[in-house]
Amino acid sequence: MELLLRQIPEGMFSTYDAIAIALGDIIARDAVREFAGIKAGGKVIPGIEDGIMLFDKFETEFPLKKLRNEQIMMSKRVVTEDDFEKIERIAGMDVAYRGNTAYGAYVEMDMKGNVIEKNTETMEVNFPYIPTYFSYRELPVLEKLLEGRHPDIVMVNGSGIAHPRHFGMASHLGVLHSLPVIGITKRLLCGEVRGKYIYMGKEKVGAVYGKKPIYISPGHKISVDSSVAISKELCRYRIPEPLMQAHVLATETKNENNL
DNA sequence: GCGACAG
DNA sequence: ATCTTGTCGC
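My numbering puts the first residue of the first sequence at 2, with every later residue one more than the last.
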């Protein structure tokens, strides 16, 4: 992004849309708005205006297009059937932020809800939040939290295969570590709800659960129905307990460090 | 064609 | 996700 902003000649302007397109996906427009508002010194404006010199001939390799292709390639390795021996240790991971500093938390428990192990990590992140590219921001933190740990299954706050390229963060994590992962979100990224399930066309990619619903989609090595069964069993409140506790721990960690 | 879009 | 006060309800 910095490289693109630097290309805008003196006296000319560019727009959120033009830069998002140069990045490789118009969906990045909001991230451009946040970033450019501070960094571009007024050279980036919301839209085309009368009497300005618009610059949109960026030299670019469309980086998001490469990430998109990577997602499509890796999505072929996703397994959406149960592929595990036992489920005794379930880990939940969540991340809280202050600016570019990420505070990650890991909470591992048994199926009764007893905590077995906890871990926290702090690191800098640079990739912005861009819908459908979420894992490129948060996955490094999750991987660091997971180092040296061996849960039977993991739950994360993000989509699994309920993703435009069937490769949300839960799938990304699962494939990279060959680990069963369940994706849980409070809002639906993609797909449509019919009854208790989420579909993308004819394909069932997840399920809805709860009065104030959460959206559950398999990331890797687990089926839709098993994802729901396990989530359900660990739901004391709206969000399954491992994620709930990881959220609390991440927030506490953020507030301890500085403030 | 247009807008919306996990955390 | 984060920025934030009070406030409705069990």
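Any given hint could be a false lead.
As the list claims (entries may be wrong) - Label pairs and their calculated CB-CB ranges:
(1) Tyr-238 x Gly-202: 43 to 51 Å
(2) Tyr-130 x Gly-48: 39 to 47 Å
(3) Met-112 x Glu-62: 23 to 31 Å
(4) Gly-42 x Ser-179: 42 to 50 Å
(5) Glu-89 x Lys-187: 22 to 30 Å
(6) Arg-150 x Gly-48: 31 to 39 Å
(7) Arg-237 x Asp-83: 19 to 27 Å
(8) Lys-213 x Asn-115: 36 to 44 Å
(9) Lys-87 x Gly-48: 54 to 62 Å
(10) Met-112 x Gln-8: 49 to 57 Å
(11) Leu-4 x Lys-187: 16 to 24 Å
Unchecked claim - With a straight-line cut-off of 27 Å between C-alpha atoms, the simulated DSS-like cross-links for lysine-lysine are:
(12) Lys-67 x Lys-87
(13) Lys-77 x Lys-119
(14) Lys-197 x Lys-233
(15) Lys-87 x Lys-58
(16) Lys-40 x Lys-77
(17) Lys-77 x Lys-113
(18) Lys-205 x Lys-87
Quick caveat, the hints were computed from the structure, so don't treat them as lab data. Just so it is clear, CB atoms sit at the ideal spot from N, CA and C, and this is done for glycine as well.
How the hints compare with the structure:
Hint check: Tyr-238 to Gly-202, Cβ distance near 33 Å, so the stated range 43 to 51 Å is violated. In this structure, Tyr-130 and Gly-48 break the distance hint of 39 to 47 Å, their C-beta atoms being roughly 22 Å apart. The given range of 23 to 31 Å is broken by Met-112 and Glu-62, whose C-beta atoms sit roughly 47 Å from each other. Hint check: Gly-42 to Ser-179, Cβ distance near 46 Å, so the stated range 42 to 50 Å holds.
Look at Glu-89 against Lys-187: about 27 Å separates their beta carbons, and that is inside 22 to 30 Å. Evaluation of the 31 to 39 Å hint for Arg-150 and Gly-48 yields a failure: the beta carbon distance comes to about 47 Å. Range check, Arg-237 to Asp-83: Cβ separation about 24 Å, and the 19 to 27 Å hint holds. For Lys-213 and Asn-115, the Cβ-Cβ distance of about 26 Å falls outside the hinted range of 36 to 44 Å, so the restraint is violated.
Hint check: Lys-87 to Gly-48, Cβ distance near 56 Å, so the stated range 54 to 62 Å holds. With their beta carbons about 54 Å apart, Met-112 and Gln-8 fall inside the hinted range of 49 to 57 Å. The hinted window of 16 to 24 Å between Leu-4 and Lys-187 is violated, with their beta carbons roughly 35 Å apart. Our distance criterion of 27 Å between C-alpha atoms is broken by Lys-67 and Lys-87, whose separation comes to about 37 Å.
For a cut-off of 27 Å, the pair hint linking Lys-77 to Lys-119 is broken: about 32 Å separates their Cα positions. The hinted pair formed by Lys-197 and Lys-233 meets the criterion: a straight-line CA distance of about 13 Å does not exceed 27 Å. The hinted pair formed by Lys-87 and Lys-58 fails the criterion: a straight-line CA distance of about 55 Å is larger than 27 Å. Of the pairs offered as hints, the one joining Lys-40 and Lys-77 is violated, with about 38 Å between alpha carbons and a cut-off of 27 Å exceeded.
Straight-line distance between C-alpha atoms of Lys-77 and Lys-113 comes to about 34 Å, which puts the hinted pair past the 27 Å bound. Between the alpha carbons of Lys-205 and Lys-87 the distance comes to roughly 25 Å, so the proposed pair stays at or under 27 Å and holds.
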